[in-house]
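Colleague: Residues per chain are reported as follows:
Number of protein chains: 2
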Amino acid sequence: MALDPDQTSVDSITLFVALLCSCIVIGHLLEKNRWFNESTTALAIGLCSGIIILLTTEGKRSHILVFNEELFFIYLLPPIIFNAGFQVKKKQFFRNFAMIILFGAVGTLISFVIVSIGTMQLFKKLDIGFLDIGDYLAIGAIFSATDSVCTLQVLNQDETPLLYSIVFGEGVVNDATSIVLFNAIQKFDLSHITLRIFIEFIGTSYTSLLQAHCLDFPMCICISCMVAKFVSSLFDLIFFVGLISAYIIKKLYIGRHPTDREVALMILMAYLSYMMAELFNLSSILTVFFCGIVMSHYTWHNVTESSRITTKHAFATLSFISEIFIFLYVGMDALDIEKWKVVSKSPGTSAGVSSILLGLVLVGRAASVFPLSFISNLFKRSESDKFTLKQQFVKQVTIWWAGLMRGSVSVALAYNQFTRSGHTQLRGNSIMITSTITVVLFSTVVFGLMTKPLIRLLLPSKHLCGGVSSGSFDSFPSKLMTDLPLIANGDAEVGGNNIPRPTSLRMLLATPTRTVHYYWRKFDDSVMRPMFGGRGFMPHVPGSPTEPLLH
Amino acid sequence: MALDPDQTSVDSITLFVALLCSCIVIGHLLEKNRWFNESTTALAIGLCSGIIILLTTEGKRSHILVFNEELFFIYLLPPIIFNAGFQVKKKQFFRNFAMIILFGAVGTLISFVIVSIGTMQLFKKLDIGFLDIGDYLAIGAIFSATDSVCTLQVLNQDETPLLYSIVFGEGVVNDATSIVLFNAIQKFDLSHITLRIFIEFIGTSYTSLLQAHCLDFPMCICISCMVAKFVSSLFDLIFFVGLISAYIIKKLYIGRHPTDREVALMILMAYLSYMMAELFNLSSILTVFFCGIVMSHYTWHNVTESSRITTKHAFATLSFISEIFIFLYVGMDALDIEKWKVVSKSPGTSAGVSSILLGLVLVGRAASVFPLSFISNLFKRSESDKFTLKQQFVKQVTIWWAGLMRGSVSVALAYNQFTRSGHTQLRGNSIMITSTITVVLFSTVVFGLMTKPLIRLLLPSKHLCGGVSSGSFDSFPSKLMTDLPLIANGDAEVGGNNIPRPTSLRMLLATPTRTVHYYWRKFDDSVMRPMFGGRGFMPHVPGSPTEPLLH
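Here the protein sequences line up with chains A and B, keeping their order. Each residue of the first sequence is one higher than the one before, counting from 1 in UniProt numbering. Each residue of the second sequence is one higher than the one before, counting from 1 in UniProt numbering.
Bound conformation, chain A alone (with noise of 0.2 angstroms):
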């Protein structure tokens, strides 16, 4: 999609939007198919056009646009995981806070090693010509991660907002944990690596993660270190462009509302927040995603009603346009013909390297789910919470399951570690990148398109359809360690009068967690709403219903 005259050309960008449009309308054909979503559709029209051009221009090439890392990075994902966060249902994303950074962090790093050094000692017997240490690491940072976006796909937030919110969000703090990791590999001397300076080297790429987010910050150890990681983003972000925003629209357009003014403000300010982070090396993944969540919770009350249905809906749109477009694209590029001459010659290697990446990723995830979720249930305080044997295991699995997706992330990633040197002429770099493609695919298309039935078939129906219900399956993780509403959202009943007040010391040793959201909502109610708007703080316009309007 660069404006190279030679990749992109009148043609190529008219035949992508005819088939964005196709996909749009053969989704919604197919959308009472359980076995179809939107992605993989979009695949598999990838997969088809992709055929017809490898057809017509007889074997010389199948994409009409060439994946592109900056393309992916800088225009695509932004509006995706923007959106996530305004359209995240807060409550239920900030009780399960806890066990998300566990998951996301924590996990994330259990199953980069796992993967690292799977591949490392497996990939000896196969003959796929040279890796060095750092592409074995940065084979483990690039399948280490669950994607948000397939996730955004495959499971609901109203059907299942517990697995939603800890598998996204999850998704959210694991993508942006691989990146860093990734990034770290890539600028690390790894020419002469021991076991001892691969220990190192995840103390320092977390310390780094530390150091770029709160420098004068007291070093410890790893979980704490992603904790202020994102403590420390979610503050930058608060600061630099959420609340920026906020303050902006408030004292500037009270009483007189251009639309499409405030729009383009929310809109740019969104994106201002995303390339802020690049440009200091933050978490730009964690920082449009909060960013999102400040702009839901104070922005978006300060604008007139018809911005906010226009906001609601375009943010939807350009989240939903750039899904299709990104798996449309992967599909596309699936073909290519270039990287798949090399692979052909052998292909029992290429497919040993598929299975037992897909393998790793397997054992990966089961070696962080299952561990971190049992931890999870010992610190649980009364006997009543805990859950039988069977009940554990089958939501682990749940939890286990939905995570396998592998998406864009890994592809982009595997781009821009296997062609920098030589592009995909190198046999190594060749057989990687298929097999990375050939991983996203399967686990995609395979492990997608089981996850609706396997929920179905192991959660009771009734979970399904409830929305936030207080059934079993709910209400596991959201009592397991934590129940930390830090900000309210307006969807459900979560009212200062519910809380009783701690009167004692003893009462807030015994109940932290409602005591942090108690003070939360009182500092919320008393200076942050008065300064920059909110529910409840802006002029209500009389006889307008928009909660019809929104679903």
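Watch out, some of these pointers could steer you wrong.
Pairs count within a copy or across copies, as identical chains cannot be separated in the list.
[As the list claims (entries may be wrong)] Here are the simulated DSBU-like cross-link-like pairs (lysine-lysine), alpha carbons at most 35 angstroms apart as the crow flies:
#	residue 1	residue 2
1	Lys-89	Lys-251
2	Lys-32	Lys-251
3	Lys-251	Lys-452
4	Lys-124	Lys-390
5	Lys-32	Lys-390
6	Lys-89	Lys-452
7	Lys-125	Lys-341
To be clear, the hints were calculated from the coordinates, so they are not data collected in a lab.
Could you slot chain B onto chain A? The hints should help.
Modeller: Then chain B, alone, in the frame of chain A:
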């Protein structure tokens, strides 16, 4: 903005987005100022940041993004023109249809001939390096078109509906005309040109317009060619995209409307119409403009309430961002040091070229507006419709003045013509590019800023706030040549009952436009709307007050 790693980096995009945000905020703060509008604010901010970059890089470069023709024509122009079509007052537009065509096609041709011949004669006396006949003709095409983007910024559809519809409609038509002329010049062999060949050339280019659009249409005079081009463009898009989108959305989504898909489909279909027109060498600007009209007449009525609000504002927002982007871009690019190095050696010549061009623009537009207005006045049927000479003169001056602005289309075409052979190193090319920028900045800033005060001065104040009033200025060209609301819009009451049924052939001959309108309405009600949906042909969702939300 090309994803060339040399040109675009994270920091330049971040800076550019931050500047866009500041343009919106400062533009809003200066809203009450009668001299400023968003475009001049963006130009000023672009120039200021250009100076700052020039100082910080010690004179090495002034821009953060190089003006890129493809970015302009493929990504920035379509949303602006589409939105103009989507939001245009259809009744007013079609009432002045003949006038718009006359000014847009014949007027542009007159300007083109005057500017081309004028520069050929006058530039000989200046020492500006080698320019061939093709360059002179290109200059004619570059400077013969009123800029529709500037017009949108300066004129207000609600304050001066007639002036807006004529000057903007003309801008759309003659942007298209000048781009087609320009392309014809670049393809034509101009090495051995005489006056006879020149006249032949004009005939050929108009014929090629005709042939591109309706192959089996008989050859006729230029005006009818232009009308035919106009009509055929209209039909191209109606059958290709506008109506297809209406049909798809009506068939697929009735009863179960997912807003995001509807909005995504509308955006992609609109863009597809532009790209398809580019692909088939039709006039993409005209096509996307009419696609906007068709979508607002049919498609828009088939979607849900929230989709209507979203599309209305999302299109306006995209257009708004693109407009500011363009002006910021032009302002920042204007100071590019490379171009001015050659010119600075002979400031007198450069000033001379700019003055000659500005003079020719003024004369060229006068030579097209005044005679054409006079001719159209002759066609009036009754004596009572005619105006006094003074009234006429005032109106002609207003139309003449409001169409003097030259904008980013001129800059884009100038870059195309004068950077092909040896970039701006050649003296003549360098002078022409800097002169184009001078003319664009001068006409946008000086003419643009003076337009609002001039309108206030020349036209009685009641017409400025009357909306679709029937005052003298508004009624002037509406009765001028035609009275043909081809597609009636819902804003005004043009109900079928108000139009008397033509009972005899004599009446049909006496009131042809009313008859055309009557049959169009009948056809629209009986065939088009039941098939493609539209106002009153979709089930109304009760209890959703849309109108107060849409201004």
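Colleague: For the identical chains here, do Lys-125 and Lys-341 meet the 35 angstroms Cα criterion within one copy, between copies, both, or neither?
Modeller: Close inside one copy (22 angstroms), not across copies (64 angstroms); limit 35 angstroms.
Colleague: Up to 35 angstroms between alpha-carbons, please classify Lys-32 paired with Lys-251: within, between, both or neither.
Modeller: Classified as between; 16 angstroms across copies, 47 angstroms inside a copy.
Colleague: At most 35 angstroms between CA atoms: does that hold for Lys-251 and Lys-452 within a copy, between copies, both, or neither?
Modeller: Answer is between: at 28 angstroms across copies they meet the 35 angstroms cutoff, but 46 angstroms inside does not.
Colleague: Given identical chains, is Lys-124 near Lys-390, meaning Cα to Cα at most 35 angstroms, within a copy, between copies, both, or neither?
Modeller: neither (39 angstroms within a copy, 93 angstroms between copies)
Colleague: Quick one: Lys-32 to Lys-390, C-alpha cut-off 35 angstroms, is that within a copy, between copies, both, or neither?
Modeller: within (32 angstroms within a copy, 69 angstroms between copies)
Colleague: When no copy is named, should Lys-89 and Lys-251 be tagged within, between, both, or neither for a Cα gap of at most 35 angstroms?
Modeller: both (27 angstroms within a copy, 33 angstroms between copies)
Colleague: With 35 angstroms as the alpha-carbon cut-off, assign the pair Lys-89 and Lys-452 to within, between, both or neither.
Modeller: within (21 angstroms within a copy, 48 angstroms between copies)
Hint 4 from the earlier list is the only one contradicted by this structure; the remaining hints agree with it.
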